[in-house]
Structures are given as C-alpha cells and as structure tokens.
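Based on the sequences and whatever the hints tell you, model everything.
Quick note, the sequence shown lines up with residues 1 to 238 if you use my numbering.
If you are wondering where the hints come from, they were derived from the structure by calculation, not from laboratory data. It cannot be assumed that every hint is accurate.
[To be verified] Simulated restraints on C-beta separations: (1) Gln114 / Arg36: 12 to 22 Å; (2) Trp189 / Asn214: 17 to 27 Å; (3) Asp70 / Arg36: 16 to 26 Å.
For glycine and all other residues, C-beta sits at the position ideal for the given N, C-alpha and C.
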Amino acid sequence: MTVAAHGTNRAARTRPDGRSTRWDDHRAQRRASLVRDARRAIHEIGPGASMDEIAAMAGTSKSIYYRYFDDKAGLRLAVAESVVRGMHRRLAEAAEEAPTPHSALRAMVRTYLQTIESSPPVYWFVTRTALGGNEPDDGTSRVEALGAYLDSVITLVAEPFARAVHVPPTTAAAWAAGAVGFVRGAGEWWLGHTRAEGLTRDDLTDQVTTWLWNGPVGVLHHDAPDGSAPSRPTEKQE
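Below you can see the structure in the form of structure tokens.
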C-alpha cells in the first residue's frame with residue numbers, strides 16, 4: 001500500500017498543473033490579441049507609431065504592452081513573427097498550388113508583393129525602414145526581425161528552382177538566397193517610391209519573375225550536359 005501511494009504521488013507531481021497550463025494559454029492568447037491590435041494601430045498611424053499611440057488605439061495602457069513584450073523592440077519582434085508566419089503560409093500555398101516551377105516562382109513573387117502592399121506601414125515597422133528615413137535604433141535589427149522569414153523562404157524558393165534545372169541542393173539554395181534578396185529589394189524600392197508611378201504590382205511581378213527565371217535558369221540550361229537549350233517563357237506564361 002505504501003509503495004502504491006508513493007507511486008501515485010509521484011505520478012501526480014509529474015502531471016501538468018492545470019492552473020499553470022490555463023495561465024500559459026491565457027497569456028499566449030493575450031499576447032496574440034495585443035499583437036493584432038498593434039498591427040491595426042501601426043497600419044493606421046504609420047511605422048513611427050509610439051508605444052503610447054499603439055496602446056491608446058488598442059484601448060489599453062503602455063504598461064500592459066511592456067508587461068507582455070518588455071519594450072518596443074520586443075513588440076517589434078512579436079509583430080515580425082506574426083507577419084512572417086502569415087507570409088510563409090501564403091508563400092507555401094502559392095508554391096504548392098502552382099502547376100510548374102515557373103508558375104511557382106511567379107506565384108511566390110506575386111504573393112510577397114501582395115503581402116507587403118496590403119500594409120506598407122506594418123512592413124516598414126517590422127523591417128525598421130520608415131518612409132523618409134530610418135527610426136532610431138532601439139536594439140532590434142532588420143536581421144533579427146526577418147531572419148527566420150528569409151531562411152525559411154529560401155528553402156521554399158529553392159525547391160521549384162531545383163526541379164526546373166536539376167541542380168544540387170547547394171546550388172539551388174545559393175540561387176534562392178539571391179532571388180529572395182532581389183525580390184525583397186525590388187519590392188521595397190517599389191513601396192518606397194509610392195508604388196512607382198505607372199508600375200503596377202502585376203507589372204513588377206512579371207518583370208521580376210522574368211529576370212530571375214531567364215537569367216540563372218537560362219545559363220544553367222545552356223551548360224547542361226545534354227546541351228539542351230532553355231525554354232524561355234514570356235512574362236505572362238505559366
């Protein structure tokens with residue numbers, strides 16, 4: 001009987017505390033809610049929104065935000081993670097639904113541009129680049145904010161490229177890293193120039209896709225052992 005009781009007590013000690021689990025769930029839900037409110041506030045106010053302004057629009061106090069995120073750098077990182085998760089999901093879906101490697105690349109470029117265009121203020125807040133200049137450093141770098149996104153997207157972009165030209169994974173990853181940086185740079189230039197007068201999102205999608213596809217893909221096809229010539233799709237070809 002003593003042994004059984006001892007075993008029961010030990011099992012009870014190893015079970016999660018229900019109150020602790022509920023508190024953790026509540027805290028996670030509250031953090032998510034505060035991040036959503038912050039994104040709405042930043043979208044309305046702009047990337048330079050202060051913690052006071054964000055809290056006011058969220059209907060709470062700055063101290064509540066500090067309780068959950070420590071400081072503005074912590075909130076910036078939480079908003080970045082939220083943006084990254086949503087963008088990564090949409091990019092993965094776009095790639096999976098595309099019938100060809102070329103259309104997968106175009107779908108991912110289009111999805112990226114759609115995402116950043118949907119709320120430029122939030123994008124600039126996350127990447128620490130405000131229209132007209134940079135905000136003062138508060139301890140969160142661009143690399144910290146989007147590092148996870150860039151690493152994961154490189155993998156997504158590399159897969160259809162590798163299928164198209166049958167190259168080693170390292171070659172595909174190197175190209176994908178360059179492609180991600182290129183798309184991001186083109187997208188930020190487009191946003192920073194008030195959507196570049198006369199250049200629509202679809203125009204930029206077609207141009208960037210064509211530049212990326214016909215450059216390295218054409219070269220690697222040309223150097224293929226069988227000497228096969230690359231097929232060069234037009235801008236709107238899927």
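Hints versus structure:
Checked against the hint of 12 to 22 Å, the pair Gln114 and Arg36 passes, with Cβ atoms roughly 20 Å apart. A C-beta distance of roughly 20 Å is found between Trp189 and Asn214, which places it inside the suggested range of 17 to 27 Å. Asp70 and Arg36 have their C-beta atoms about 19 Å apart, which keeps the hinted 16 to 26 Å range intact.
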